[in-house]
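Engineer: The listed protein sequences correspond, in order, to chains A and B. Quick note on numbering: our numbering labels position 236 of the first sequence as 236, and the sequence is numbered without any gaps. Quick note on numbering: our numbering labels position 244 of the second sequence as 244, and the sequence is numbered without any gaps.
Just so you know, these hints were derived from the structure itself, not from any lab. There could be a bad hint or two in this list.
Stated by the list, open to error - Over the 10 angstroms line for every Cβ pair with chain B, so calculated as not near, a few chain A residues:
#: 1; residue: W58
#: 2; residue: F61
#: 3; residue: S63
#: 4; residue: E156
#: 5; residue: K163
#: 6; residue: S225
To be verified - Below 30 angstroms or equal to it, Euclidean Cα-Cα: the simulated BS3-like pairs (lysine-lysine) are:
#: 7; chain 1: A; residue 1: K292; chain 2: B; residue 2: K123
#: 8; chain 1: A; residue 1: K292; chain 2: A; residue 2: K163
#: 9; chain 1: B; residue 1: K123; chain 2: A; residue 2: K20
#: 10; chain 1: B; residue 1: K20; chain 2: A; residue 2: K163
#: 11; chain 1: B; residue 1: K20; chain 2: A; residue 2: K24
Built from N, CA and C at the ideal position, the CB exists for glycine as well.
As a plain string of letters, each chain reads:
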Amino acid sequence: MAAVAQLTLEDLRAGLGWRKQLDKLFVIVGLLVMIACLAILAILFLDLVRDGASRFGWDFFTSFPSRKAERAGILSAAVGTTMIMFVTALVALPVGVAAAIYLEEYAPKNWFTGIIYGLLALGLFVYQFGLGQSVLSAGLTLALLILPIVIVATREALRSVPKAIREAAYGLGATRWEVTRDHVLPYSTGGILTGLILGLSRAIGETAPIITIGALSFIAFLPPSPVSGEFPFLNFEWLRSEFTAMPIQMFNWVSRPDQAFQANAAAAGAILLGMTLLMNALAIWIRYRFRKRINW
Amino acid sequence: MNAVPATRVAGAFSSLRFRKGRDRLVELILLLAGLVAVFTTIAIVCVLVYESSFFFRTVSIGEFLTDTMWTPLFADARYGILPLVSGTLTTTMVALLVAIPVGTTIAIYLSEFAPHRLRETVKPILELLGAVPTVVYGYFALLMVTPLLQKLIPGLPGFNMLSAGLVIGLMIVPYVATVGEDAMRAVPRYMREGSYAMGATRLQTALRVVVPGALSGIAAAYILGISRAVGETMVVAIAAGMQPQLTFNPTEPAATITAYIVQVSLGDLPHGSIGYQSIFAAGLVLMLITLVFNVIGFFLTRRFREAY
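With the hints as constraints, model all of the structure from the sequences given.
Structural biologist: What follows is the structure, encoded as structure tokens:
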């Protein structure tokens, strides 16, 4: 007890003053660390855009890869990415939403890194199912990869629909599917779309899994067009076509020792980055719009 | 009131039967979709084990685990996984040395010190950074960070694990920061107020009350970061070189498990060859390493879970 009594008010004040200084110090350190982190990333992104600036132009979008850096473009890569994203969305949306409706409680987790999905696809899709190293294999692989994202987003959207709405519909004699289709799903559209777009923005930059299933980096032709002039107007040959994609093209250019290709890599990277950011912005906008429209 | 005609009642019943039947059918379709989601994990394990089983018919497990050379594609083929594991662990270590202190500091700052407006602005930006394609980070590592490091460390080779690790670290800072921040925000307000009432300052409250209270969530954030660093592929494939080498020295070039898989996939390897089988064996090891960290994480989060 004696020791406690000897602590004067001055001692306490001095101790507290020192601890308060520490507080202020941490505020500065924390702020600096965060700003430094964001600044480094910002500088890297700006540098990327600057390095690629010389290559932005119509030719870059309409040229095939080439041995000469200044003539090389991203046409086949951009078309490949578009087709793969189309397949991915077409598979991930229905399967993801259906799975989320069924798995009310269970949410699968993304346990594995992208390249492991690539190995799954290589063993299963490419060889066991005989789909080959095709646009279809790539689209299915990325669909599996983003399925957990779509499922989690859908589940959250479904859960946010108030119980009263379901009960009112059941009370009028609707079956489970009718309640889901006519009431729960329409209210969840915003959340589901947001999840799908976020998933696609993840898929668009995934490089490793599609390298694993055998994307080629030098493709100087386009897959057959999905729309044709004659009956039946649609053809599905493009699904079986070999392909390349934006991140693959960028990887190929980065790994070349020739300096001239680095500008191409930077330009492709800036475009890829721009598409990713655009998709994320779109997702945020959709979420905001739908939230504003719904008043329970 | 007129009686409802019998035919209409019958019609309503048959329509109900149709609707109930349709419900069953829809439920079956939904079940199938659910199975796809659940069985992806099982399929991954099966494919890895199945394809590796061919590899282990040629290579003994003893050689696989103890040999110090990994050269499956050379004429003098050696099949020791250790060089790939050492590369993976070294880049992961460098990445964590960046991501854990920086990520944790940002998380504490955002959760306990930052003004509301700042937090609401920074968090979406951090989440956006998580969506940047990793091949872009590979470009940074090889063409921006490595030249910078070469000025600081003379004689640093153009491909090295240090640069790749640093960039991976920077890449996973947003994950550690946002997941950690979520965990700290979940600590109830009254615990902070109790601490303030005892005369503690903000920093003392943050470090001795909030962080211990959120430890299970923070551990989960670290495990997420580790999983991403272990599985990171493009940054190491681009910036760390692809020469398997048994070394823990980050200034040397080396290959990770993931980089090896990419390297093999880039070539045209015939289905069923030993090189083809070797990437599944490598993938199996990668999965096991990830699994070990996740199991550790599972027990850590259970051990530290605080019930409020």
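Engineer: Now, for every hint given, state plainly whether the structure supports it.
Structural biologist: Structure-based check of all given hints:
1. Non-interface status of W58 of chain A relative to chain B is upheld: no Cβ of that chain comes within 10 angstroms, the nearest being about 23 angstroms off.
2. Every CB of chain B is more than 10 angstroms from the CB of F61 of chain A (nearest about 18 angstroms), matching its label as outside the interface.
3. The claim that S63 of chain A lies off the interface holds: its Cβ sits roughly 20 angstroms from the closest Cβ of chain B, which is beyond the 10 angstroms cut-off.
4. Listed as outside the interface, E156 of chain A is consistent with that label: its C-beta sits roughly 15 angstroms from the nearest C-beta of chain B, beyond the 10 angstroms cut-off.
5. Non-interface status of K163 of chain A relative to chain B is upheld: no Cβ of that chain comes within 10 angstroms, the nearest being about 20 angstroms off.
6. With a closest Cβ-Cβ approach of about 27 angstroms to chain B, S225 of chain A is found to remain outside the 10 angstroms limit, as its non-interface label requires.
7. In summary, the hint linking K292 of chain A to K123 of chain B is supported, as the alpha carbons are separated by about 22 angstroms, within the 30 angstroms threshold.
8. Proposed proximity of K292 of chain A and K163 of chain A is supported: the alpha carbons are some 20 angstroms apart, at most 30 angstroms.
9. Restraint check: the Cα-Cα separation between K123 of chain B and K20 of chain A comes to about 27 angstroms, which is no more than 30 angstroms; the hinted pair holds.
10. For the suggested pair K20 of chain B and K163 of chain A, the alpha carbons sit about 22 angstroms apart, so the restraint of at most 30 angstroms is met.
11. A distance of roughly 66 angstroms separates the Cα atoms of K20 of chain B and K24 of chain A; the hinted pair therefore is violated under the 30 angstroms criterion.
The structure is inconsistent with hint 11 alone, although it conforms to all the rest.
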